[in-house]
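The whole structure should be built from the sequences, with the hints applied where relevant.
Here are the chains, one letter per residue:
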Amino acid sequence: MLAEPKLKTLLDLISHSTKDELIWMNGYLSGLLTQAGVTQEAPVPGVPVATKPSVAKITIVYGTETGNSKRVATDFASKAKKIGITPKLVSLDQYRLTDLPREEYFLAVISTQGDGEPPAAAKKFYDHIHLNGFKFDKLKYSVLALGDTSYPLFCKAGEDVDAQLQKLGGKRIAPLQKCDTEFDEDANQWFASVLQSLSGNENAGAAQVTVAPKKSSGKKTYTGTILTNVNLNDRGSDKETHHMEISAEGLEYLPGDSIGIVPENDPAVVDAILLLTGTNKMAKIDYRGGLNYITELLHKKLGIFHLPERVVKQYSAIVQQEIPATRIDLLDLLKIYPVTDSNQFEDVVEILEPITPRLYSIASSPEAHGGEIHLTVARDRFCVNDEIKYGICSDYLSGLPENTTFEFYVHKNNQFRLPAPDKDIILIGPGTGVAPFRSFLAERDATGAAGRNWLFFGDQHFASDFLYQTEMQNWVETGVLTRMNVAFSRDQAKKIYVQHRMSQHGADLYHWLESGAHLYICGAKDPMSSDVEQTLLGIFETFGNKSKEAALQFLDQLKEEGRYSKDVY
Amino acid sequence: MSDNKNLSSIERIKTASDALRGTLRESLQDELTGAIREDDQALIKFHGMYQQDDRDRREERASKKLDRLYSFMIRLRLPGGFLTPSQWVAMHEVAGDNSTGVIKITTRQTIQLHGIIKSNIKPTIHAFSEAKLNSIATCGDINRNVTCSTHPNESPIHAQVFAYAQDISDMLMPKTKAYYEIWLDEEKIVDKKDEEDPLYQDRYMPRKFKIGIAIPPNNDVDVFTNDLGLVAIIEKNKLKGFNIAVGGGLSTTHGNPDTYARLGSVLGYVEAGEKTMKAVYEVLTVQRDFGNRSDRKLARVKYTIDRMGVDGFREELEKRIGFKLQAAKPFSFTSRADRYGWEQNDKGLWHYTLYVENGRVLDEEKLLMKTALLKVAETGKTTFRFTTNQNLIISDIKEEDKAAIQQLLEEYRLIQHTEKATATRRNAMACVSFPTCPLALAEAQRYLPDLLTKIEGSLAKHKLQDENIIIRMTGCPNGCARSYAAEIGFVGTGPGRYNLHLGGDHQGLRLNKLYRENLDETAILTELDGLFASFKKDRQKKEAFGDFALRKQLV
Ligand code: SRM
Ligand SMILES: Cc1cc2nc3c(=O)[nH]c(=O)nc-3n(C[C@H](O)[C@H](O)[C@H](O)COP(=O)(O)OP(=O)(O)OC[C@H]3O[C@@H](n4cnc5c(N)ncnc54)[C@H](O)[C@@H]3O)c2cc1C
Ligand SMILES: Cc1cc2nc3c(=O)[nH]c(=O)nc-3n(C[C@H](O)[C@H](O)[C@H](O)COP(=O)(O)O)c2cc1C
Ligand code: SF4
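Chains as they are written, first to last, in the working numbering: chain A, 10 to 578; chain B, 483 to 1037.
FYI, nobody ran anything at the bench for these hints, they're computed from the structure.
A few of these clues could be false.
Calculated cross-link-like contacts (lysine-lysine; reagent style DSSO-like; alpha-carbon spacing at most 30 angstroms) [stated by the list, open to error]:
(1) Lys504(A) to Lys604(B)
(2) Lys503(A) to Lys600(B)
(3) Lys801(B) to Lys779(B)
(4) Lys547(B) to Lys248(A)
(5) Lys248(A) to Lys604(B)
(6) Lys670(B) to Lys503(A)
(7) Lys421(A) to Lys309(A)
(8) Lys604(B) to Lys614(B)
(9) Lys884(B) to Lys504(A)
(10) Lys228(A) to Lys180(A)
(11) Lys432(A) to Lys557(A)
(12) Lys165(A) to Lys421(A)
(13) Lys432(A) to Lys547(B)
(14) Lys503(A) to Lys1023(B)
(15) Lys600(B) to Lys248(A)
(16) Lys604(B) to Lys675(B)
(17) Lys503(A) to Lys547(B)
(18) Lys902(B) to Lys1018(B)
(19) Lys79(A) to Lys66(A)
(20) Lys557(A) to Lys504(A)
(21) Lys1023(B) to Lys902(B)
(22) Lys547(B) to Lys504(A)
(23) Lys547(B) to Lys398(A)
(24) Lys147(A) to Lys66(A)
(25) Lys66(A) to Lys97(A)
(26) Lys995(B) to Lys1018(B)
(27) Lys547(B) to Lys534(A)
(28) Lys503(A) to Lys614(B)
(29) Lys614(B) to Lys884(B)
(30) Lys421(A) to Lys547(B)
(31) Lys720(B) to Lys863(B)
(32) Lys1024(B) to Lys936(B)
(33) Lys1024(B) to Lys943(B)
Interface residues of chain A toward chain B, partial, derived using beta-carbon atoms under 10 angstroms [unchecked claim]:
(34) Leu241
(35) Asp243
(36) Gln501
All values reported here derive from a predicted model rather than from experimental measurement.
Glycine is no exception: its CB is placed at the ideal position from the N, C-alpha and C atoms.
Next up, the structure:
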């Protein structure tokens, strides 16, 4: 289809290019194409010539939660070395913010967590650059954003960083690259384009963004069959925590991983919505460039409960009514602020976001429970203006009878791994936080790991809420658990939590850490994980007689040595 | 002396226990289980507690990966079964805070609380201690709660006899201070000499030891079912002394022919005071030295005395007390029943005997007995006494206070409750059994009330509903509700199945005998219906059912 001259240029461009360059071009063009709209401004990229890069030093920073960003960043660093560029590789929580203005070539690899938030480790950096206050004169940068298209705010943190660095006067040396969960190929293309521009071709970065060509499904999904589903809490408990044993074909996971599930919406609510809006159940409507059955969309694809404020805001624009900034279920929204007709409802559907996956820590071990995945699912009960409601996914899961099936994927967490078998570990996992530690202990039991294991567990009542009590007792008997301490908050007038037990045993705890133990925290982010961290610092001060600063340093040291890992939610 | 070659494991635990301390402290500190260590489970009995678990919940909890639902039962030491009103209030509160809430009156006239979790034991004992109550030696191989005919109206000198229960109990207390150290945090005694125990030494008794005192003509305490029974001999309103009977005990073991129920043998008579105390003391030393310490099934005095022979035992005893026992004095028992309702004694004090089904004091929607008794106690104008038939006497009420108490009892319908209790129920008892008793084979207190309703149907059919027939049920052959001393005794053999015993008397001078084995409910009811029919037909006038059964050689 190309006219003679163009074809000629292309052909000898190709003939002059290395394999790597071709790969890059391929990805780059497809990127441009998927980014309709962007292409207009985008000038045709200059012809890259493979020369030794003119740049001597680059800084590669990463902000990671589960280790992916770290992995690719590290990989780039070594690639850079090979071609004679000296990389400075740092995790964003270790990065000295005062260095920023002095940076020249700055590459950031950052994932997105929560609801479009940066990883905890990148929080300081993220906030810092958003404080404005300063300007870059020589900073040249590019951002690689890791994310997951199944979340509404795809790669939000990366986008923000990219935009903000430019706002502060930074110059893009390569467009922002957003990656879905299968990110390796796109990441490499991004790095190739970075190297391109480093080797003297500046305008390569002019384009603002490229996105991975959308893959039908990035993740390997499994079909799980429920083998067992028991409520671990005894009668009379306020809690309902289900131990679930699930079998699935060709499972691959490591202790520390979680599984992700996209829960389905209650069909009854979907029907109510369609009825209320006078929408035909059989109707097919266009959602973000694809035709779908409306019922299918609302049942399996789109979030209709507890809508984020941003969606409510868009809704009020559509129906042109004042709506206070709040989170609310779609059905309630439609009842209080009705749509005019089913056409207007179609506009509403357009603004709805995909159902976000829910993660559940894997409580089993490949070594001990081959072919199975165990979960510890707390059925989330809460009260909305004194009506009892249940969390969608935990309610759905805990309600699954034996022999039923459901879809899930494995969410790797390379930041939450067992250390070498001979290392001691301290596990702090109250409530469902115990799940990954059941996996750790089962794994160490099965492999006969020599390291000592110390578990802290807590919940409300000893009699009804001691999750996995008999298993833990057996592990104490057999010596797999060297120590176990428990805290039951509501068995006495004064509340007692895991952190109280930790301080009680502070001397030993400090001694374990001093002699190389790895410490893990899993469970509720707030207030548990922060209280536990404060308590730890206190322990370092008291039993390591350290100053506040020294205590903080010791914690940082533990982080750097990968001896302090959190998986909190 | 007894064969001490292969001592039972409990013997080892006792002697190695450092005066009953064992590792109880460590056991209490174990966060991961509601249980205590195995050896400590034997020792904690000497402190008045039993480790139990809710047997109804075992399976379900196992599936939830939860340990058994362990808790502790605590039994108070109340010689003669007496509480002041303030002590009752204290009891009521402890029961509410730390236990199932049920106040359980036992067949040895004391109180038990169930369902106390490990971490609540100390608070419970502290609370008791503040009310001047303790649970020392109410279980274990040691002298148990001393019983005594309860009703102050049994005799003008009831109080005087009653005092012996207290004195004997005190005399036979263990010397160890372990209880105070472990449960009441009193600091360790320095001088071990203070703990030296000439009676129990470091081995205690070979087995539990029980003492009861009866004031004729009422044998409510079933005096002859005790290891040591004292029958008060009263002449012209003066307490002269006691006939002493040794070797009572009821428990048997299914399938173990060497075990049997036995009534005490009267060894003779001793004068009140010094000599009585001495005799009592030395009966214990004889059993301590001659009792079987290798086979616990054969360790009670009843087996010792049969091995030594009654005369042999008496000789050994006389050697130790240094004087001869006199020939037993005549006495006569007429009944073992409680005196329900109001009675006034010679001192003008009023007493109300309340019917308490199976000794369980609790609030039910139909009857707020627990609340009612709290209100009564709060008046401070009554005392509380427990009977060995698991009932309660609101006692020592002054004439001028009676109206107020009467008013409360009516307001809470306790009077109606007692009065509408049928003859059968007033004479019936069941042991605790399920869900707490670890030895239970069949239901007892949870089942007897329903069974009685059905039995009453059959009695009514034969116009026998007003007969005083003593019916007792136990969930296993240990006989905790003295089922072997009943006219109709049910002894649990397995879920829903009971051995049927017949032929006991009203006075407690005769045990019943096995009549039919392993009956389920229908079989029980058909058997009884037949028996009642022929009883109605062939009884001689005023003949009691138990006597009839015997005369007819049914057993
Ligand atoms: C509460 C009570 C029954 C009641 O409903 O009132 C009772 C309840 C128990 N008895 Fe008993 N016995 C009770 C009076 C009796 C009696 C009747 C009596 O003493 O007048 C007997 C028959 C007389 C005798 O001792 O021979 C009795 C013979 C036993 C035995 C058999 C002893 C033996 O010689 O083999 C056992 C089992 C044992 O000790 O090994 C036993 C054991 C038990 C235990 C502690 C079970 C155990 O060993 O773990 C029961 C606790 C159940 C619970 O959950 O409360 N209980 N027990 C009585 C408490 C009396 C007290 O206040 O001390
Ligand atoms: C790494 C990771 C590991 C995890 N591991 C586990 C685990 O092992 N076990 C486990 O049980 N959980 C685990 N979780 C938490 C789990 O992923 C879910 O967050 C949890 O189950 C709740 O999801 P849900 O769909 O049931 O509740 P949702 O429906 O998402 O509701 C969650 C919360 O939102 C609010 N909410 C929802 N709807 C409304 C409404 N209509 N009105 C007002 N408020 C509302 C409520 O506060 C509710 O508690 C983990 C999470 C992460 C990130
Ligand atoms: C709890 C949680 C929330 C997430 N939220 C988002 C999100 O809002 N947007 C997004 O694009 N990706 C989201 N992700 C996907 C991660 O960004 C993706 O897994 C990435 O590969 C993680 O990289 P890391 O290991 O370097 O942290 C989320 C992942 C988790 C575990
Ligand atoms: S008789 Fe048996 S079942 Fe009943 S309380 Fe005694 S030991 Fe338990």
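Each hint, compared with the structure:
no.: 1; hint: Lys504(A) to Lys604(B); verdict: 19 angstroms, holds
no.: 2; hint: Lys503(A) to Lys600(B); verdict: 17 angstroms, holds
no.: 3; hint: Lys801(B) to Lys779(B); verdict: 28 angstroms, holds
no.: 4; hint: Lys547(B) to Lys248(A); verdict: 15 angstroms, holds
no.: 5; hint: Lys248(A) to Lys604(B); verdict: 28 angstroms, holds
no.: 6; hint: Lys670(B) to Lys503(A); verdict: 29 angstroms, holds
no.: 7; hint: Lys421(A) to Lys309(A); verdict: 24 angstroms, holds
no.: 8; hint: Lys604(B) to Lys614(B); verdict: 15 angstroms, holds
no.: 9; hint: Lys884(B) to Lys504(A); verdict: 47 angstroms, violated
no.: 10; hint: Lys228(A) to Lys180(A); verdict: 34 angstroms, violated
no.: 11; hint: Lys432(A) to Lys557(A); verdict: 27 angstroms, holds
no.: 12; hint: Lys165(A) to Lys421(A); verdict: 20 angstroms, holds
no.: 13; hint: Lys432(A) to Lys547(B); verdict: 29 angstroms, holds
no.: 14; hint: Lys503(A) to Lys1023(B); verdict: 68 angstroms, violated
no.: 15; hint: Lys600(B) to Lys248(A); verdict: 22 angstroms, holds
no.: 16; hint: Lys604(B) to Lys675(B); verdict: 27 angstroms, holds
no.: 17; hint: Lys503(A) to Lys547(B); verdict: 27 angstroms, holds
no.: 18; hint: Lys902(B) to Lys1018(B); verdict: 24 angstroms, holds
no.: 19; hint: Lys79(A) to Lys66(A); verdict: 19 angstroms, holds
no.: 20; hint: Lys557(A) to Lys504(A); verdict: 27 angstroms, holds
no.: 21; hint: Lys1023(B) to Lys902(B); verdict: 26 angstroms, holds
no.: 22; hint: Lys547(B) to Lys504(A); verdict: 25 angstroms, holds
no.: 23; hint: Lys547(B) to Lys398(A); verdict: 27 angstroms, holds
no.: 24; hint: Lys147(A) to Lys66(A); verdict: 14 angstroms, holds
no.: 25; hint: Lys66(A) to Lys97(A); verdict: 8 angstroms, holds
no.: 26; hint: Lys995(B) to Lys1018(B); verdict: 21 angstroms, holds
no.: 27; hint: Lys547(B) to Lys534(A); verdict: 26 angstroms, holds
no.: 28; hint: Lys503(A) to Lys614(B); verdict: 28 angstroms, holds
no.: 29; hint: Lys614(B) to Lys884(B); verdict: 27 angstroms, holds
no.: 30; hint: Lys421(A) to Lys547(B); verdict: 28 angstroms, holds
no.: 31; hint: Lys720(B) to Lys863(B); verdict: 29 angstroms, holds
no.: 32; hint: Lys1024(B) to Lys936(B); verdict: 24 angstroms, holds
no.: 33; hint: Lys1024(B) to Lys943(B); verdict: 19 angstroms, holds
no.: 34; hint: Leu241; verdict: 5 angstroms, holds
no.: 35; hint: Asp243; verdict: 6 angstroms, holds
no.: 36; hint: Gln501; verdict: 7 angstroms, holds
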